[in-house]
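Novice: Listed here are the chains, written in short residue letters.
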Amino acid sequence: MNEAIITRGLVKHYGRYAALNGFSLAIPAGSITGLVGRNGAGKTTWMMTVAGFVIPDGGEINILGSGPFDARKHSGRFTILPQDSDLPNEGRVRSLLVHYARLQGLPAARAAASANRLIKAFNLVDKADSPIRALSHGMRKRVMIAQAFLGKPEVVMLDEPLSGLDPVEADRLRSFILSCRGKTTLVISSHLLDDVQKLCTHVAFVSSGKVDRMETMRSLTSDTGQVAYALRELPKNLGEIESACPGIRLEAKGANLMATFSEALTVEEVNAALLPRLVECGVRAVTPGRSLQEAYLKNQAQG
Amino acid sequence: MRILRAAFFELAGAMRTRRALVLILLYLAASLLGMNGSITALGKMEDQLAEVLQVERVNGKSGVVSAALWKSKQFQKIVRGMVGDSLVYDDIMGKHPAELLYALIVFLAVPLLSVLVSSRRVAEEVKSGSAKYMLLRVTRLEFTLSKYLGQALLMLAGLLIGAVGAWCIAAFRLSGADLPALFPAMLMWSVKAWFLSLAWLGLALGVSHFFKSGAKADAVAILMMIAWYVIPALLRHYANGPVSGRFLVLTRLFPSSVSDMLWRSSFMPVATCAAWLFMIGLFWLSFGHVYFAGRDVR
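First to last, the protein sequences are chains A and B.
Residue numbering for the first sequence follows this note's numbering, starting at 13 and increasing by one per position.
Residue numbering for the second sequence follows this note's numbering, starting at 1078 and increasing by one per position.
If you are wondering where the hints come from, they were derived from the structure by calculation, not from laboratory data.
Take the hints with a grain of salt, since some may be wrong.
As the list claims (entries may be wrong) - Computed Cβ-Cβ distance ranges for the label pairs, DEER-style:
#, chain 1, residue 1, chain 2, residue 2, range
1, B, Met-1265, A, Ala-41, 58 to 64 Å
2, B, Leu-1325, A, Arg-145, 45 to 51 Å
3, B, Phe-1364, A, Asn-128, 38 to 44 Å
4, A, His-203, B, Leu-1110, 56 to 62 Å
Unchecked claim - Per the computed footprint, the stretches of chain B lying under chain A, defined by three or more beta-carbons under 8 Å from a beta-carbon of chain A, are:
#, stretch
5, 1208-1218
6, 1362-1375
What the hints assert, rightly or not - Derived DSSO-like pairs (lysine-lysine); straight-line CA-CA distance at most 30 Å:
#, chain 1, residue 1, chain 2, residue 2
7, B, Lys-1121, B, Lys-1150
8, A, Lys-164, B, Lys-1204
9, A, Lys-164, A, Lys-85
10, A, Lys-132, A, Lys-85
11, B, Lys-1289, A, Lys-85
12, A, Lys-310, A, Lys-210
13, A, Lys-310, A, Lys-265
14, A, Lys-132, A, Lys-210
15, B, Lys-1204, A, Lys-85
Computed from a predicted model, the values in this text were never measured in an experiment.
Glycine included, C-beta positions come from ideal geometry on N, C-alpha and C.
Just chain A, with the same shape it has in the complex (with noise of 0.2 Å):
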C-alpha cells in the first residue's frame, strides 16, 4: 500500500455552501503533507471528514486500505489533533492521556509509558498531574497534541498545530515533527507556509472545497528557474542589468532580488552572470528556487 489516505469525490454541503466539493487527495505512506490554503478552503472540513467526525454527502474515503473511519479498525492507528476542541476539563494530564492509550488498546504499562514518554517529550512533566482546567491555552495544546502521538499511530492528522504556542514549545513541536518523518504519516494543516515548507515533504493546495494541486515540497520549491537574492539595497540599474543578461529576467521584492530565468541556463550560469553585478549591493544570501509563499501566491493568482 502506497497511500496511507485516500479520499475521492467528498462532497459535503451546509445548506447551499459546499464545503467540500469533489475533494480528492490521496496522501503517500511515510510522508508529511501540508495542506495551505485560504480560510474556508474545506481543509478543516476534509480532516474532520476522515477522522469520522463529519459525515460526507458523497464521495469515498480509504484509510489504511481499509475503508473509511471505524474505530474499531483504526482507534490507535488513525488520530487527529482536531482544530479548537477542548479536553474534559476534569481529566489530568497523565491520567487523562493513559485512559485514552488504554482505550486505544494499550495494555496498562504501555499505556503509561507511552504517556510518560510525550509528557516528556512536550514539556509537561511539571504539569502531569494538574487538571486540564489548570493549564493555560498553550498548554492545553500540547496535551491535545500529545494524544495524538499515543500508542504509535501510522497516521497522524494536526489541524494547525503551531497555533497558540510559544516560540520555544512551537520549535519542540517542530522538531518533534521531523523526527517522525519517514515513520509515521503525518498531515498539517496550517496558515504558517514557513513552517510547511520546512517540515512537509508533500504538499497540498486547496481552494474552494476541493485539491487543486498535490506536488512534493522538493519539486515546488526547488524550482530550477529561479534564484532569489537578498541585499543590502536594490540596485539602481536593475534595466541594465537585465538586458546585459539574456534570459534573465529581475523582480524586485523589498531588499529581494528574484531572477527567473529560462531552462536554458543553470544556477551556476545565472550566479556567475549576476554576482558580480550584484557585488556592489552587498549580497547577503542567495537562495536558489522558491518558496512555499511563493508558490502559494502565484497559485492563488492563477487559481
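The hints should help you fit chain B onto chain A, whose structure is shown.
Specialist: Frame of chain A, contents of chain B only:
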C-alpha cells in the same frame, strides 16, 4: 471492555463536575431534610393520634404508634384503599414508617435528579469538542453506552450515599426503631430507586444527543420528563373513549407507569420491573443514539 473503561472514566469525570457534585449534594440535603422533616411530622401526628386514642406516647420514638397502628384492621383497610394494589399493600404492610418515608422521598427525587445530572452531558461534550477525543477511540455506540453506564453508576453512588445519610438521621431521631434492620431496608429502596433512574437516564441522555447546547438539552429534557408523566395519564384517562384501549400498552413505555412494581418486596416482580425500566431506558436512549450516529460532531 472499552465500554466499561469509558464508563468508569465517565463516572470519574462526572463526579468531578461541579454540576453533578452540586446535584448529588442537593439530593443528599433533600433526603436528609426530607427524612428529618418526615420524622418530625410523623412524631407530631403520632402525638395527636396518641392523644385522640388516649394511648401512652413514648417520647423520642416516632414510629412506635404507627407500628402499633399497622395492627389495626380499620387502619389496614384505609391504607389498602389508598395504595390501590393489594399486592403492594401486602408488601409494605408492617414496614417502619421511616423506611416508607425514605422510599417516597427517593422515588419522588430520582426522576428529576436523573434528568438534571445527565441531560447536558453529551451536548456539552459535543459543544466543547472533547467528544472528538473519545470518538477517535470508541464507536459512537460505545460512546453512548459508556455515557449511560457511567451516569448510572454515578446515580447509584449518589443514591447509596443518600441512604446512608438518611439512615444516620433516622438513627439520630428514632432511638426506638430497629436501626440495624432499617439500614439494609433503606439501601434496598435506594437500589430500587436506581432501577427507576435507569429509565429516566435513558430519556435524558437520549435528549442530550440531539443538542449542542447544555441549556437547551436541560430545558427539553425537563419538558419531556413532565410530558412523560402527563402522556400515560392522558392515555389512561381517555382509554376506551377517544383513545382505543389497545393504546394502553403504550403506557408501558413510560417509567411512571411501571414503577409501582418497585414497591413490592418479592424478588420476581421487582426484578421484572427493573429489567423493564432498563429496557425503557435503552429504548429512549436509542432515539438519541440513532440521531447521534448520523450527525456531524464539529
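Novice: None of the hints should be skipped; say for each whether it holds.
Specialist: Now for the hints, and whether the structure bears them out:
Look at Met-1265(B) against Ala-41(A): about 59 Å separates their beta carbons, and that is inside 58 to 64 Å. At about 50 Å, the beta-carbon gap between Leu-1325(B) and Arg-145(A) stays in the expected band of 45 to 51 Å. A beta carbon spacing of about 42 Å between Phe-1364(B) and Asn-128(A) agrees with the range 38 to 44 Å that was offered as a hint. At about 58 Å, the beta-carbon gap between His-203(A) and Leu-1110(B) stays in the expected band of 56 to 62 Å.
Restraint check on the stretch 1208-1218 of chain B versus chain A: 8 residues with Cβ-Cβ distances below 8 Å, three needed, restraint holds. Residues of the stretch 1362-1375 of chain B with a Cβ under 8 Å from some Cβ of chain A number 5, which satisfies the need for three, so the listed coverage holds. Proximity of Lys-1121(B) to Lys-1150(B) is assessed by CA-CA distance (about 23 Å); at most 30 Å being required, the pair is judged to hold. Between Lys-164(A) and Lys-1204(B) the CA atoms are separated by roughly 29 Å; this keeps the pair inside 30 Å, and the hint holds.
For the proposed pair Lys-164(A) and Lys-85(A), the alpha carbon gap of about 14 Å is at most 30 Å, so the pair holds. Of the supplied pair hints, the one linking Lys-132(A) and Lys-85(A) holds, its CA atoms being roughly 29 Å apart against a limit of 30 Å. The hinted pair formed by Lys-1289(B) and Lys-85(A) meets the criterion: a straight-line CA distance of about 28 Å does not exceed 30 Å. The hinted pair formed by Lys-310(A) and Lys-210(A) meets the criterion: a straight-line CA distance of about 19 Å does not exceed 30 Å.
Distance restraint check for Lys-310(A) and Lys-265(A): the Cα-Cα separation of roughly 14 Å lies within the 30 Å cut-off, and the hinted pair is therefore satisfied. With a CA separation close to 24 Å, the supplied pair Lys-132(A) and Lys-210(A) stays within the 30 Å bound. Of the supplied pair hints, the one linking Lys-1204(B) and Lys-85(A) holds, its CA atoms being roughly 26 Å apart against a limit of 30 Å.
Of the numbered hints stated above, none is contradicted by the structure.
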